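Colleague: Protein sequence lines correspond, in order, to chains A and B.
Start counting the first sequence at 1; every next residue gets the next number (UniProt numbering).
Start counting the second sequence at 1; every next residue gets the next number (UniProt numbering).
A portion of the hints provided could be inaccurate.
[As the list claims (entries may be wrong)] Label-pair distances were calculated between CB atoms; the ranges are:
1) A:R124 x B:V47: 52 to 62 Å
2) A:G19 x B:I37: 56 to 66 Å
3) A:G273 x B:A32: 55 to 65 Å
4) B:R161 x A:Q80: 23 to 33 Å
5) B:R151 x A:D8: 26 to 36 Å
Note that these hints are calculated values from the structure, not bench results.
Note that the structure is a prediction, hence the values are computed from the model and not measured.
Ideal Cβ placement from N, Cα and C applies to all residues, glycine included.
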Amino acid sequence: MAPLLDVDSLAVTLPGPRGPLPILHDVSLTVDEGELVGIAGESGCGKSLTAQTLLGLLPPGATVSGSARFAGTDLLGLDQRGWQRVRGAGIAMVFQDPTAALHPMLTIGRQLTEHMRVHLRMDRRAANRRAVELLDQVRIPDPERALRSYPHQFSGGMRQRAAIAIALAARPRLLIADEPTTALDVTVQAGILALLDRLRAETGLAVAFITHDLGVLSALTTRGYVFYAGRVVETGPTGELLTAPTHPYTAALLGARPHGTQAVGTLRPIPGGPPAPGQAPPGCPFQPRCGYAEPACGTSPPPLTPAGEHRSVACVVRPHLEVAAR
Amino acid sequence: MTTVHDGEPGAVTTTASRPRPRRAHPLLVFLAKRLTITAGLLLGVTVVTFALVNVVPGDPVTANLSDQALNDPATVAAFREKWGLDQPLWAQYFQYLGNLLTGDLGISQQTGRSVLDDLVRYVPATMELAIPTMVLALLIGTGIGMLAAVRNGRFTDQLVRVGALLGLSTPPFWLSLVVLYVFFYKLGLAPSGGRLSTAFSPPPTVTGMYTVDAALAGQWDVAWDAAQHLVLPVLVLTSLTVALLVRFVRSAMLEVLQQDYIRAAYAKGLPARVVLRRHLLRAGLVPVVTVSGLAFASLLSGTVLVESIFGWPGLGQYAYRSATALDLPSILGVSLFVALVYTLVNLTVDLLYGLIDPRIRLS
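Same shape as in the complex, but just chain B (with noise of 0.2 Å):
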């Protein structure tokens, strides 16, 4: 970065150019770090999640399998020995290691099918509600944290803190009931819950998501009713999601809105709308871009009392399913997913970061 120094009328400074030894790129170079940080951090979640799921009291025979069963030892043995639950916990560890740098991340206790069929099966859901949820939080939370901030301490204001209260303070199943009397029993807008009604079969894969397979099938029909079939939970997450973000954007564009470079921008005689979108929604955008992307990241982790209610096959109740059973492949699956989808948000966001702000851009 050069600085270009102050001199006198006439005293022209040029920057010394200097050849410099040739290095990597400083993006790659960041990545690269990243990655390598990313790679222990999953390998520390296999070691918690492992030690965690054998700490825990409980047996996964006793989870798994019935009365009857659990009378018979030669079932008994037999359900140990197919799992590995046998072996040493130390020998179970490094044998599930091994297979996961194969790609093998076990086969589920619960559904049969290897986790990776699973997650491949239950994440596209999610990831159909928190996608959707996403883009609409951050549209209608910035817009209306911005207006709170510009109407600071007036009516408009204590109407929007006091609604992002109520709304922080919701139980998410309460709301998720409150939505479904409302829409479905009492006006019969929406569908109850599930992804797709009865009459119609999901589309070919292709993303896992259905609105989005059916349109690129060309199937508008499949499509339609999908979407109808979101708009419950994208609902309550929605507004779950702009609650927790208002307060932020608030704050945000509040502390924004005391700089000088604002009142600048007004004193240049530029009109209300482009100080607010320009100078204000730039400036404010860092700290939102943080808290947005932790939002996210939660909903693609699963939301388990939202997709429950609304009979969502997403992670969340795989998860939930899951643990109840103690099923440690399955459990491990989750967790690593999750880590992995904390860290490649974490990521995003701080390539944001230099993307918004100059300042913090590598170079």
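Only chain A is shown next, with the shape it has when bound in the complex (with noise of 0.2 Å):
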């Protein structure tokens, strides 16, 4: 069976004042029909930028080539009649930070159904109905109450839920969530990622989590990708990434990682910070903060090979990795 998303050597550029940059090259992911994939790497590797083409939220003056299906349906030839098709009744999303993402002056109940009745043709009854069961479903209490609320009457955490739910109403097929707990209390966190796997068991949605922490995704996903600078550097199932990690930056982002079953004292950072857009070496891009590059790293970017089965790793060295402290 075809994956219901199936996105193969997509390139995106932006604008910069000096011409084009590049951000995205060569990034090819798939998800299926309800599976729960997660998208990790640190802040400004592509991860949001990948879902912002997904939905076809670009800033003017992008460009993008390589290919994006979803369900059949070639995203990057949607025109704006498409996108709004798609947008929200195909795919969905809930962002980072629940109380910029939810608009302070409208109720809860008019972001909740406002698109509903756009995808779903409901009336407003109906999509008031609607809106009390999804409300229920992510345990919002009082649901019919919180209807007439404004975002700023709840705590982060029932906001996030309240954005899950807007995301859920007109019935998506995939959910793409763009760290949708970072901006949450560590115990709010767990919730919403227990609600999440919840609702793909329950719907048969399909998500795609994006995160920088990626003990979140041994929590939830099945497979993940390994973003860096705009290149995915390693895929495979999540909990063989987690162990048994074959590109270096995997493992040293493991051994940065703030939480898990590592001892104090045994936080390692990664030196150097990521290149900027347009600044990438001309080999592989981790080369300059990795410690087991040798020369033909600076050759060319490595390209995503198969390493087993199920997974790929860009990277020519492959050296022998132990998994930092744990």
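With the hints as a guide, bring the two chains together.
Modeller: What follows is the structure, encoded as structure tokens:
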């Protein structure tokens, strides 16, 4: 069966002060129906831009090449009307900061029903009924009252639950969650993650979960993609990525992860920072920060090549890696 | 305001309801406070205006009497006595305050009528210009400003920005003259000035605005004529107000367009017009309301140059003539009216904030 979302060799450039800046290079990824897929990497690595590309929300002047097919539709060939049909009803999005992503001057009810009425052609009463069900589904107490509330009357976790309900309102098949727990307290995060997993199980929703926190992936996702400087550097089953990474960057990310099972004092920052767009070195983008770099790394960016069953890695050295302090 | 706490599934939180002492409605408290402040402000206005008029070099006697009358000490003394100018300043002031409390604003030295009558005569004329100007300017200014923001950096935006700059740097009197030259002299499309053609007499006074009064009296020909007289001054005032508003609307909307909730609205698959009308407009309106309030108050306070050129007997002209004649009662009357307009407009703006943005709603 063809995957629900099939992105192949996607490349995106954004307009910069001195000509177009390449942001995404040769990104390929798939999400199956009902699957929870993780996308991990440092901030600025292109995770969020990938999401924007898949919703047709790139800033003006951006150029896109490659292909992105969603449920048989070629996303990159869509016009405005086509995008309007896909957004919300095909692919929906949950943003990082629910406080910023909810309109402060419109009631939760309005924000929950307005696109239902467009996509599902519901009248006000039917939309309100479904809205109550949705709020119940995301475990917001007293849904009737919540409909009449404004976002500022909710706590952060409640806002994100409301935002998830809004994303689900028009019955999308794929939910892109862009760091949906980053702005929330740790205790609230777990509840949101459990909620997403339950929704996937109950409704067959596919979820692409974007995060900078590899730990979150392990709890939730079956497969993961690790992004670095606008490229996929490693992909495979989440469990294997976390226990036996084959790319030095994945291993370094695990070492730099602040919580988990590691002992106090073993936090290892990755030296340096990711290259700015347009300033990546000619070879492997991670090479300047990599402890295993060899002369071969400086020639051209290594392609993503198979490394065992269901796994691929973009590294020519493939050093033997020990997961730090686990 | 209650906050619904985040709870794990199953943990339903209930808000404890505690009996609270009955208090006055917050809106009433708010209004009472504002009215007290307004009263204090008006008192301050009388003090400052009184002092200023007596500090500026010049004498109401020389400003009002002819050279011949000035040579006659008896006439001068009579004038001083009639207007209370022979009294010490503090006595004059308290006399004025006492009269003010009974609603007596004094007699204008210029017109010989009571200042209150003068205001009732001139203010509606100015309102007749200010109200349509503000309505048009809000509609046009918001529309153009939003368009410029949405087309940020592109040709339409550049065009709007240059146009707004031109509008702001155009002197009102110059624009008035150009408009008169084109629409009256060259095209003959509109009358040159005044409120009504000489063929008509003013309609019976209800609001003092000729168009409204004529319509109320069913005198449609008079209403039509009065409306035609409004066109050119309203055109000039509107273009100036639009130029002012557009810049504010544009920058306010640009800021809102950066917000995640606008991207979220697009991500929901809403058509662009819904996103712009429902999500963008609402959020961008708060700063716009502030500027519009100031612009409206300024229009209501009279526009001297435009009123002069179009022979419009409004508050601006009245204020100008009173000031040049050092006509203290009239100057005080106008100052009080302007202060009242600004406080009322500000109060309305504050109430509108609450209507637009639930986060600053009083509760």
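Colleague: Determine whether the Cβ-Cβ distance between R161 (chain B) and Q80 (chain A) falls within the hinted range of 23 to 33 Å.
Modeller: holds, 26 Å
Colleague: With 55 to 65 Å as the target window, see if G273 (chain A) and A32 (chain B) comply at their CB atoms.
Modeller: Check passed, 58 Å falls within 55 to 65 Å.
Colleague: Is 52 to 62 Å right for how far apart the beta carbons of R124 (chain A) and V47 (chain B) are?
Modeller: Distance hint for R124 (chain A), V47 (chain B) holds at roughly 57 Å.
Colleague: When you take the CB atoms of R151 (chain B) and D8 (chain A), is the distance between them in 26 to 36 Å?
Modeller: holds, 34 Å
Colleague: Given the hint of 56 to 66 Å, check if G19 (chain A) and I37 (chain B) actually sit that far apart at their C-beta atoms.
Modeller: With a Cβ separation near 57 Å, G19 (chain A) and I37 (chain B) satisfy 56 to 66 Å, so the hint holds.
Checked against the numbered hints given earlier, this structure breaks none of them.
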